[in-house]
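A.B. asks: Chain by chain, the residues:
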Amino acid sequence: MSDQWIDVCAVDDIEEEDVIRFDHLQHSYAVYRSADSEFYATDGKCTHEAIHLADGLVMDHVIECPKHNGRFDYRTGKALGAPVCVNLKTYPVRVEAGRVLLAVGA
Amino acid sequence: MNAAPIIIVGAGHAGGRAALTLREQGYNGPLMLIGDEPHAPYERPPLSKGLLQGTAELGGFSLSAPLALQALGIEHLAGHAVQALDCDARQVRLADGRQLSYSGLLLATGGRARRLPGITPGWSNVLYLRTHDEALLLRTTLRPGARLVVVGGGFIGLEVAASARALGCTVTLLEAGPRLAGRVLPTEVSESLLALHREQGVDVRLDVQIEAFEGASQVEAVRLQDGSVIPCDGVVVGIGMQPNTDLARQAGLDVGEGIRVDACLRTGAPGVYAAGDVCEFRLQPEGPFQRQETWRNAEAQGRHVALNLLGAGQPFRDVPGFWSDQYHSSLQTIGQLGATVAARRSLAEGGFVLFYLDAQQRLQGACGWGPGNSVAKDIKLCERLILAGQSLDAAALGDAGVSLKQLLRN
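Line order of the protein sequences matches chains A and B. The first sequence lines up with residues 1 to 106 when you count with our numbering. The second sequence lines up with residues 1 to 410 when you count with our numbering.
Quick caveat, the hints were computed from the structure, so don't treat them as lab data. Honestly, I wouldn't trust all of these hints.
[Claimed, not checked] Below, a list of computed lysine-lysine pairs in the DSS-like style, where the Cα atoms sit at most 27 Å apart:
no., chain 1, residue 1, chain 2, residue 2
1, A, LYS78, A, LYS45
2, B, LYS405, A, LYS45
3, A, LYS45, B, LYS49
4, A, LYS78, A, LYS89
5, B, LYS405, A, LYS78
These numbers come from a predicted model, not from an experiment.
Starting from the given sequences, assemble the full structure and let the hints guide the process.
C.D. replies: This is the structure in structure tokens:
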């Protein structure tokens with residue numbers, strides 16, 4: 001199945017080194033903008049207790065869950081230690097004409 | 001001859017985290033986790049919220065599935081109480097008479113819900129909430145239309161009240177003090193909680209004393225000292241936790257409010273450590289002994305003590321913190337909340353963060369309140385600002401236009 005590119009938002013709707021929540025077809029995604037303005041996306045809910053990650057804190061390339069401080073590298077989805085042990089699924093993102101596009105169904 | 005196992009007494013969050021960390025750190029020796037509950041270790045915060053409301057089940061907040069514990073070679077003795085500890089012989093004795101030797105011992109015995117004095121033991125509709133099975137029992141009482149009296153305006157009482165309202169119960173909440181969660185929360189947050197619960201239909205009564213429970217085999221009404229009578233179908237008592245210190249006390253260990261430990265979480269007996277709700281520790285060498293009954297502390301101490309059981313010898317340091325979710329709002333605190341609020345930052349939708357500074361204008365603590373998890377980012381940044389220890393400008397902290405991340409990096 002080929003990727004379907006979904007329009008998420010304008011580039012400047014996400015601050016640098018921050019994250020927003022994006023819901024599409026009953027699925028939540030977290031879409032990140034790094035300090036050097038690269039864009040990434042992961043599943044929107046923490047693999048620990050399904051908390052929305054977009055309320056968490058982005059520092060460098062790490063998202064920290066708002067509740068239990070579980071940390072992930074949002075570029076790879078890698079879980080960085082207890083209480084999280086299951087990696088986050090990541091999704092391709094690209095920027096086109098000032099818009100952030102997310103590939104779902106990959 | 002096989003080496004004696006590391007034994008963990010108490011299979012709650014701290015004990016479970018310690019066991020998992022020991023394996024994660026490469027400890028391959030025998031490892032026993034002994035607990036009186038029938039379940040694999042689990043996190044307690046969902047008990048008063050998701051579990052009561054039927055949106056979460058035990059498997060979703062267990063630290064590890066029973067089979068996974070087995071696969072890790074963690075021998076979990078569920079439903080077993082440890083009856084005695086002999087620190088000289090380095091042995092524990094189980095209720096069934098078994099004597100087990102240990103090479104290292106962790107006491108993570110937690111606590112039990114404090115009982116309300118003067119209750120007839122036979123009253124089956126007076127309920128408490130500390131364990132999963134207590135929560136399940138409570139869940140059967142929270143039928144739509146049931147009239148519930150909650151005794152205690154602390155976090156357990158408030159979260160149960162919120163869950164009961166979500167389930168369609170009529171709720172009266174009784175608090176002996178002048179405000180909600182007054183021992184640990186700033187006045188403004190207590191007031192926000194009070195306004196929210198009243199808006200959600202909870203009959204909150206402050207500064208009240210219970211005179212008597214009325215009823216034959218069940219409590220049918222609660223009579224207050226002011227003469228008012230509250231008819232009810234059930235009572236939930238949330239008046240705090242009683243640390244399980246008997247085992248340690250009988251073994252001659254130093255026990256205050258909890259089991260006293262040194263900076264490395266060691267008790268006075270060789271190879272015997274304590275962690276979690278039952279652990280009474282000091283964050284500074286000459287600081288006061290304290291206990292932390294929080295998810296954060298169980299997680300952090302459970303992990304830390306495992307490293308020290310393996311010989312790390314590191315003092316435990318953490319910034320204390322906790323959260324509470326009620327309805328669609330949440331509060332979070334970090335650090336020490338002093339007597340005086342140094343700055344207040346307004347957030348969207350009625351949210352706010354209160355900041356506490358020391359004499360050198362360094363951040364000591366913060367408390368945020370707002371919809372969903374909206375205060376989480378700021379509280380996490382406050383944790384980093386506390387650790388950074390830099391002097392801060394109160395006006396900047398109070399200005400929502402100034403990013404805390406920027407202050408951290410200044």
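A.B. asks: All hints, please: hold or fail.
C.D. replies: Against the structure, the hints come out as follows:
1. Restraint check for LYS78/A and LYS45/A: the C-alpha separation of about 14 Å stays at or below 27 Å, so the hint holds.
2. Between LYS405/B and LYS45/A the CA atoms are separated by roughly 23 Å; this keeps the pair inside 27 Å, and the hint holds.
3. Between LYS45/A and LYS49/B, the direct Cα distance comes to roughly 18 Å. Compliance with the 27 Å bound is thereby established for this hinted pair.
4. Among the hinted pairs, LYS78/A with LYS89/A is consistent with the structure: their alpha-carbon atoms are about 9 Å apart, no more than 27 Å.
5. Restraint check: the Cα-Cα separation between LYS405/B and LYS78/A comes to about 24 Å, which is no more than 27 Å; the hinted pair holds.
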